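Residue numbers (our numbering), protein chains in the order written: chain Z, 74 to 429; chain U, -4 to 254; chain F, 80 to 442.
Please keep in mind that the hints were generated in silico from the structure rather than gathered at the bench.
All values derive from a computational prediction rather than experimental measurement.
Incorrect hints may have been included.
To be verified - Simulated pairs of lysine-lysine, DSSO-like, Cα-Cα distance not exceeding 30 Å:
1) F:K410 x F:K237
2) U:K179 x U:K122
3) Z:K426 x U:K245
4) F:K347 x Z:K268
5) U:K245 x Z:K321
6) U:K165 x Z:K321
7) F:K403 x F:K434
8) U:K230 x U:K2
9) F:K188 x F:K249
10) F:K258 x Z:K268
11) U:K63 x U:K104
12) U:K110 x U:K179
13) U:K245 x U:K230
14) F:K399 x F:K249
15) U:K122 x Z:K426
16) U:K110 x Z:K321
17) F:K403 x F:K147
Stated by the list, open to error - Calculated Cβ distances over 12 Å to all of chain Z for the following chain F residues:
18) T139
19) E156
20) Q205
21) L322
22) A323
23) D438
Note that beta-carbon positions come from the ideal geometry of N, C-alpha and C, so glycine has one too.
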Amino acid sequence: MSDNVTTKDNYESASNREEKLAEFEGSKRGLIGNLQHWLHQTPAAVPLIVLIASILIFGVLIGDRFFSPFALTLVLQQVQIVGIVAAAQSLVILTAGIDLSVGAITVFSSVIMGQFAFRYGLPPSVAVVCGLIFGTLCGALNGFLVARVKLPPFIVTLGTWQIILASNYLYSANETIRAQEIEAEAPLLQLMGTKFQIGGAVLTLGVIFMIVLMLVLAWVLRHTAWGRHVYAVGDDPEAAQLSGVNVKATLMSVYALAGLICAFAGWALIGRIGSVSPTSAYEANIESITAVVIGGISLFGGRGSILGALFGALIVGVFSLGLRLLGADAQWTYFFIGVLIIAAVAVDQWIRKVSA
Amino acid sequence: MSEPILKGRGLTKRYGRVTALDRCDFDLMPGEILAVIGDNGAGKSTLIKAISGAVTPEEGDIWMNGEKLRFTSPSEAREAGIETVYQTLAMSPALSITDNMFMGRELRKPGVMGKWFRQLDRPAMEKFARDKLTELGLMTIQNINQAVETLSGGQRQGVAVARAAAFGSKVIILDEPTAALGVKESRRVLELIQDVKSRGIPIILISHNMPHVFEVADRIHVHRLGKRLCVINPKDYTMSDAVAFMTGAKEPPEELAAA
Amino acid sequence: MDLTGADSAMRGGDIKLGGLHVKKTLITTAIATLALGAAFASPASAQDKIGACLITKTDTNPFFVKMKEGATAKAEELGIDLKSFAGKIDGDHETQVAAIETCIADGAKGILLTASDTSSIVSSVQQARDAGLLVIALDTPLDPIDAADMTFATDNFKAGELIGQWAAAKLGDDAANAKIGMLDLAVSQPTVGVLRDQGFMQGFGIDLGDPNKWGDETDERIVGHDVTQGNEEGGRTAMENLLATDPMINVVYTINEPAAAGAYEALKSIGRENDVLIVSVDGGCPGVQNVADGVIGATSQQYPLLMASKGIEAIAAWAKDGSKPEPTEGKDFFDTGVSLVTDQPVDGVPSISVKEGMDLCWG
């Protein structure tokens, strides 16, 4: 329908006329104003600057122990689960929602993959697919309750968080499947833990998955209609509806996709810890929200870049490792993360004022 | 007199016990600006919603160019060529002008990237948006990719009107386009409305602002108690006459009264 | 004290977002009510029997599952009517309070309690004792310890000491140059974590400084402390952090076996899994299996089943003639014992084999 609009527009011929008829002036702005506008258009810039600055500062303070390919790629490994979950969280938050159930979906998906392979003896590949489907269904349930039943996302996911986590404990009986058994019988479950060594740098498949996922989602959000709809729905759902966006379908797809991504995070979790443990990823919901907020994505929806969430997760990782290497009490990590969260929200508010 | 491009007959819509539209008739002639005025609660917004597809009347029919239509959603009305510029503008403030113009009808790249990866054809969308704004003399907006929220109120209204006029629409409904604007920007929006009209697109203008209505309208539909009270020519009546009809202070002359 | 994971609630799991706490309470109350309903559904002759209550932190953790098994078996044997209660997650204090009140109202003779909040629960415990109930703290001492009639628990300091002695003996002369990584529980330094940590150091021959906290030691052999939340993920991250500080760590103390499994993964990723000695505490079945597989060198095994069955016996005695259990000599609690599980026994440190450990393991 829309694909041939350019050719059938009727008024092209009339364009050579007086152009002064109805114009609106732009306003002049100073250096600060320019900065504000630039940040407005490049929302991932602030977290990127903070990330680079914090790497440099810790590098100077600690020296080679931190400023080495090994330590820097270690940060990537440590944030991979939170990073992947933050990708899911970003999508939901861009629609002005929030997903408290991400951690629960992550861990239950990993438990499903493990138990389907060990308890029911399914081939590992089938078990992984089942886990991925399960995650998607959990997300779809969230999506259904938010988009169709029109319940607030906070309440919906508060509920599903409890439900999924409780089901996880009931189903798994809190039983851990040990790394050695998985390695012997279902190594596919640990696939995401596969290592690549490049000089001193160590990357795992999970890390690469996280980065590729972020880049693909950034592209999709920017360059497809669906991506633009995600932003529009988060910005103003009524306006989006009136503009012809299918708001319900968009929300539904976002939550389901978030669930699928969490299931992938669950797979990566097995790769990272080797075993299947029902008590892992406990705090992934808060950690992912932290990453998203520090990454400059607005909790009010419709603003921010998903790459910011990756930078946000990395900032947390750099601070954690850097402060530990400095020998600081682990409490300082939480202290500084708290400061960063508040600073990030303050910057977000300031950038939003660009319109005023 | 030619046939109306858009015609409504016997439109009825009730909300519980309240009858918002009471066997209302409506006519829009080709190429005209028809103002719809009415007191608060007279049902004019329900009338507009019925025409723009936001509500479906329980009784009555709508014809466009003699073809009977029935809308159950705004997008159906839009597909039939009825574009509405809502008072809220229905734009996403954080998104760019281009994104907003194409929201819900994006262009995809030809070939594999568009078909399989569903990539948007940004250059084409940007060119189209720029052309449309230029046509309407709105190109002092330098950057087609700037966020709508960085525009002034009048500029936003301009973009919204340009969006409505851009996609081969047959009818444009403007809901209180000058309500939120200052004097200077209101003036430009009124010029813009004339401009759209000069392209042959008929306009339905809902406004409370009598000077604006009398300045641009060709005919004025006076709405009262859920139906069309009369249609007057702004050249024959004064603003105070119009207000008097609207409020019921004065009966319209026999020959103008609707059936 | 069991730390198989649910303790991860200790840091941030206990999130206070909006009305969450209210919600949690509702859910857990509902669960408790269900549990109560189930209990009522059991033998109709309950009225005549001695009543007892078991209140655990959660009912999903294998440690508490085992505890409940032990209590249930003993209660059946002695003809005691046992009702079980549990919070939904570790740290769920309100449900435990409600459970104590229910037990008092129910006319039970005694309560076996693993407290989520060891100091806040004291007033409720006092209420129960005033009403004539015998209250026995299982696994986790109350604060103060004499708030309960008696505590049946693992000697966590001893548990740490055993693995410390074993590690030192295993290294022999190299113990003088060891590089030790300490993988603890949580930044808040909960008592159980401090006891195991300091016990390990005592056993290894390190000057403790203040025995009530970790991190104040001056011994250069300690590379550093990091926290694990007692789960695999935390164990791996903490191990990586310590390895970044000093990649040549060769002894690793871990608060529990899941943390040890995580630490092993971190060591494996840099190819050092075979030249590092990992020691741990708990004695859960996956943990003992990890000892068999060489992941963990030695672990101190504790006995939740015994805690519970001893507890039930104590309540039976209390109901019969009002006698209270006595503490283990020289201690202010009843020590339910701890054994070092390893297949590499060393001189001077008593231990049991992995096979024996498997027979006694929980979870």
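Closest CB of chain Z to the CB of D438 (chain F) still more than 12 Å away: holds, 18 Å
Given pair status - K2 (chain U), K230 (chain U), alpha carbons within 30 Å: With Cα atoms ~23 Å apart, K230 (chain U) and K2 (chain U) stay inside 30 Å; holds.
Verify that the Cβ of E156 (chain F) lies farther than 12 Å from every Cβ atom of chain Z, and report whether the claim holds or is violated. holds, 25 Å
Pairwise hint evaluation, K237 (chain F) against K410 (chain F), where the allowed Cα distance is 30 Å at most: holds, 12 Å
A cut-off of 12 Å on Cβ-Cβ distance, and A323 (chain F) was said to be off the interface with chain Z. Does that hold? Violated: least Cβ distance 5 Å, not greater than 12 Å.
Assess, step by step, whether the Cα of K245 (chain U) is no farther than 30 Å from the Cα of K321 (chain Z), and give holds or violated. violated, 48 Å
When you check the alpha-carbon spacing of K188 (chain F) and K249 (chain F), does it fall within 30 Å? Cα-Cα ~48 Å, so violated.
Is K347 (chain F) close enough to K268 (chain Z), meaning Cα to Cα at most 30 Å? This hinted pair holds, its Cα atoms lying about 11 Å apart.
Given the proposed pairing of K245 (chain U) with K230 (chain U), does the C-alpha separation stay at or below 30 Å? Holds - the C-alpha atoms of K230 (chain U) and K245 (chain U) are around 18 Å apart, at most 30 Å.
Given hint K147 (chain F) paired with K403 (chain F) - CA-CA distance at most 30 Å: Given that 30 Å is the threshold and the Cα spacing comes to 22 Å, the pair holds.
Taking 30 Å as the top limit, are the C-alpha atoms of K63 (chain U) and K104 (chain U) close enough? violated, 35 Å
Once the closest CB in chain Z is found, is it more than 12 Å from T139 (chain F)? Violated, because the least Cβ-Cβ distance between T139 (chain F) and chain Z comes to about 4 Å, which does not exceed 12 Å.
Hint compliance for this structure: hints 3, 5, 7, 9, 11, 12, 14, 18, 21, 22 are broken, all remaining hints hold.
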